[in-house]
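> This is what each chain is made of:
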Amino acid sequence: MEDAIREIFNGVWKERKGTKPPVLEADSLLLETGLDSLDFAIVVARLEERVGFDPFSIADDAYYPQTFGDFVAFYKKYSSM
Amino acid sequence: MRPFLSQLENRRPDLPLLVTERGILKLSDLKPGPNKIMAQSGDVVSARVALSLHAPEALLAALAYLDGRAEAMLHISPTLPPKLVTGLVTAAGCNYLISDRDDLSGAAPLETLASLSLRPALRETEWIMTTSGTTGQPKMVRHCLSSLARTVTPMADLASRPVWGLTYEPTRFAGMQVLLQACLGEGVLVAPKLGSDIGAILNFFADHNCSHISATPTLWRRFLMHPNVARLALSQITLGGEIVGQALLNALVAQFPTARITHVYASTEAGVGFSVHDRREGFPESIVANPPKGVGIAIREGRLWLRPESTASEYLGEQRLPRASDGFIDTGDRVTWRDNRYIFLGRDTGTINIGGVKVNPEEIERVIATLDGVAMVSVTAKSSSLVGAMVTAQIVSSGPVVDESAFLARVFAYCRANLAREAVPATIRLVDRLVTNSAGKIQRN
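These protein sequence lines are chains F and Z, in that order.
What the first sequence shows, in this note's numbering, is residues 1 to 81, in sequence order.
What the second sequence shows, in this note's numbering, is residues 1 to 445, in sequence order.
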């Protein structure tokens with residue numbers, strides 16, 4: 001799951017920025033990676049095509065992950081359900 | 001209604017009025033210009049003044065001087081391309097363009113106002129606001145201070161002095177509402193540098209003790225995605241410009257349990273609308289039955305219709321607001337009745353609202369269809385929990401595609417080169433055929 005997320009993040013980065021994507025650490029703040037919320041919405045939409053679900057739309061309560069680690073954990077939580 | 005400056009003079013002069021990265025401004029800091037001018041006598045000039053200003057302090061000084069003296073003020077976003085600025089200035093019949101931009105030929109600096117020697121005008125000054133959009137010339141809607149300031153809550157009705165964080169460009173309808181509420185409601189306006197990163201904006205708000213913030217749902221989600229949001233102590237949260245969903249309201253309640261949460265329905269076209277405070281999405285029947293003073297609300301043909309005060313707003317020039325004979329205006333926003341509430345469904349016109357930026361699917365289709373190798377294209381909205389909605393596209397190629405990912409990469413690159421950022425599809429799928437309806441039209445849903 002984490003590999004799929006990294007791959008799609010890197011793809012969106014290259015497409016939108018045209019430069020080499022940064023290496024994400026678990027504590028990297030999502031909105032300080034250089035991608036904004038529209039870019040992350042694209043990451044979420046493409047991940048849905050890849051992994052078959054969008055945890056943001058199936059979660060009962062709204063959840064807004066702050067770090068890359070939060071983001072990965074959120075996907076892992078729903079992939080095991 | 002008394003002019004802007006005269007209303008500002010109700011404020012205690014020692015109170016801060018505006019905080020920017022350049023410092024704190026009091027009412028007395030605004031005055032030298034206007035006062036000096038009032039003392040002068042000279043030619044009477046009839047002025048229609050276009051304003052395209054980055055600095056909020058310059059905008060405040062211009063409002064203070066021009067309201068009640070100029071025939072009209074035209075508010076233009078400081079980020080609008082020069083060609084479009086020229087078009088607006090001409091269409092609104094402006095004879096002055098005041099700007100702190102360096103890319104506008106024919107623009108004069110703010111100080112020029114001091115030489116105009118304007119006398120008090122006989123009629124209320126027009127405040128011409130411009131609508132946002134990603135393509136073409138913005139539309140202009142005529143307001144005046146009394147129509148824009150109608151929702152300002154007087155300080156006397158508030159528990160403490162509001163410190164408003166500005167997240168919108170003040171030249172836009174939503175930003176002007178915040179500016180007027182802060183200035184005329186005896187509050188303070190905190191204006192971070194627009195375009196700063198989220199962490200810096202949140203710090204700026206926290207450092208200056210913002211108690212009130214108005215922002216789009218998309219920006220609220222971005223705030224919630226940043227740890228600095230924990231530094232904010234808010235008593236008022238206002239959302240507008242996009243559909244507000246229950247999930248976001250719940251998340252805001254969790255982060256700010258004691259704040260009053262208001263979602264506002266307003267459009268530049270209709271002037272003001274109404275607001276909802278019960279922390280639930282949509283709006284109750286009681287608002288339709290008992291609308292705010294001066295506003296009429298009706299649900300017709302599954303859409304929301306509003307009736308502004310007769311003089312409140314009007315499109316300028318050839319454009320006319322589509323208005324029914326009883327004065328109601330079709331907002332084009334579709335609603336449905338669910339769980340004893342009216343819930344917003346989206347735009348009747350198919351317009352897709354991406355984080356507050358509206359894009360038109362037909363225009364995107366038109367652009368993509370001009371690319372070599374594309375036979376047919378269908379653009380639809382896809383809901384997004386982060387930005388409200390996004391654009392997706394399905395494409396039928398005009399010939400066999402050997403390398404699908406190379407083909408799609410070419411389409412994406414073409415979209416990025418020819419479309420606004422928000423209009424570039426988030427996902428594009430290559431399909432064998434598009435589903436068409438009985439009339440042979442591409443099915444959108």
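Hints listed in this document are in silico derivations from the structure and should not be mistaken for laboratory results.
What you are looking at is a predicted structure, and each value in this text was computed from that prediction instead of being measured.
All residues carry an ideal CB built from backbone N, CA and C; glycine is no exception.
Be aware that a few hints might be false.
Simulated restraints, written as ranges between beta carbons of each label pair [claimed, not checked]:
| no. | chain 1 | residue 1 | chain 2 | residue 2 | range |
| --- | --- | --- | --- | --- | --- |
| 1 | Z | P154 | F | G11 | 48 to 56 Å |
| 2 | Z | T349 | F | D27 | 38 to 46 Å |
| 3 | Z | V401 | F | S57 | 40 to 48 Å |
| 4 | F | S57 | Z | S6 | 48 to 56 Å |
| 5 | Z | E21 | F | A59 | 36 to 44 Å |
In silico BS3-like pairs for lysine-lysine, Cα to Cα no more than 30 Å straight-line [to be verified]:
| no. | chain 1 | residue 1 | chain 2 | residue 2 |
| --- | --- | --- | --- | --- |
| 6 | Z | K193 | F | K17 |
| 7 | F | K76 | F | K20 |
| 8 | Z | K382 | Z | K139 |
| 9 | Z | K382 | F | K17 |
| 10 | Z | K26 | Z | K382 |
| 11 | Z | K139 | Z | K83 |
| 12 | F | K77 | Z | K382 |
| 13 | Z | K382 | Z | K293 |
| 14 | F | K20 | Z | K382 |
| 15 | Z | K193 | F | K14 |
| 16 | Z | K193 | Z | K26 |
| 17 | F | K77 | F | K14 |
| 18 | F | K76 | Z | K382 |
| 19 | F | K76 | F | K14 |
| 20 | Z | K83 | Z | K293 |
| 21 | Z | K358 | F | K14 |
| 22 | F | K76 | F | K17 |
| 23 | Z | K358 | Z | K193 |
| 24 | Z | K382 | Z | K358 |
| 25 | F | K20 | Z | K193 |
| 26 | Z | K139 | Z | K293 |
| 27 | F | K14 | Z | K382 |
| 28 | Z | K358 | F | K17 |
| 29 | Z | K193 | Z | K139 |
| 30 | Z | K26 | F | K17 |
> All hints are to be evaluated individually against the structure, with a verdict given for each.
Hints, one by one, checked against the model:
{"no.": "1", "hint": "Z:P154 / F:G11: 48 to 56 Å", "result": "holds, 53 Å"}
{"no.": "2", "hint": "Z:T349 / F:D27: 38 to 46 Å", "result": "holds, 44 Å"}
{"no.": "3", "hint": "Z:V401 / F:S57: 40 to 48 Å", "result": "violated, 31 Å"}
{"no.": "4", "hint": "F:S57 / Z:S6: 48 to 56 Å", "result": "holds, 51 Å"}
{"no.": "5", "hint": "Z:E21 / F:A59: 36 to 44 Å", "result": "holds, 37 Å"}
{"no.": "6", "hint": "Z:K193 / F:K17", "result": "holds, 23 Å"}
{"no.": "7", "hint": "F:K76 / F:K20", "result": "holds, 26 Å"}
{"no.": "8", "hint": "Z:K382 / Z:K139", "result": "holds, 27 Å"}
{"no.": "9", "hint": "Z:K382 / F:K17", "result": "holds, 23 Å"}
{"no.": "10", "hint": "Z:K26 / Z:K382", "result": "violated, 46 Å"}
{"no.": "11", "hint": "Z:K139 / Z:K83", "result": "holds, 15 Å"}
{"no.": "12", "hint": "F:K77 / Z:K382", "result": "holds, 24 Å"}
{"no.": "13", "hint": "Z:K382 / Z:K293", "result": "violated, 37 Å"}
{"no.": "14", "hint": "F:K20 / Z:K382", "result": "holds, 29 Å"}
{"no.": "15", "hint": "Z:K193 / F:K14", "result": "holds, 28 Å"}
{"no.": "16", "hint": "Z:K193 / Z:K26", "result": "holds, 19 Å"}
{"no.": "17", "hint": "F:K77 / F:K14", "result": "holds, 28 Å"}
{"no.": "18", "hint": "F:K76 / Z:K382", "result": "holds, 23 Å"}
{"no.": "19", "hint": "F:K76 / F:K14", "result": "holds, 25 Å"}
{"no.": "20", "hint": "Z:K83 / Z:K293", "result": "violated, 40 Å"}
{"no.": "21", "hint": "Z:K358 / F:K14", "result": "holds, 25 Å"}
{"no.": "22", "hint": "F:K76 / F:K17", "result": "holds, 27 Å"}
{"no.": "23", "hint": "Z:K358 / Z:K193", "result": "holds, 24 Å"}
{"no.": "24", "hint": "Z:K382 / Z:K358", "result": "holds, 14 Å"}
{"no.": "25", "hint": "F:K20 / Z:K193", "result": "holds, 28 Å"}
{"no.": "26", "hint": "Z:K139 / Z:K293", "result": "holds, 26 Å"}
{"no.": "27", "hint": "F:K14 / Z:K382", "result": "holds, 23 Å"}
{"no.": "28", "hint": "Z:K358 / F:K17", "result": "holds, 23 Å"}
{"no.": "29", "hint": "Z:K193 / Z:K139", "result": "holds, 26 Å"}
{"no.": "30", "hint": "Z:K26 / F:K17", "result": "violated, 42 Å"}
The structure is inconsistent with the numbered hints 3, 10, 13, 20 and 30, although it conforms to all the rest.
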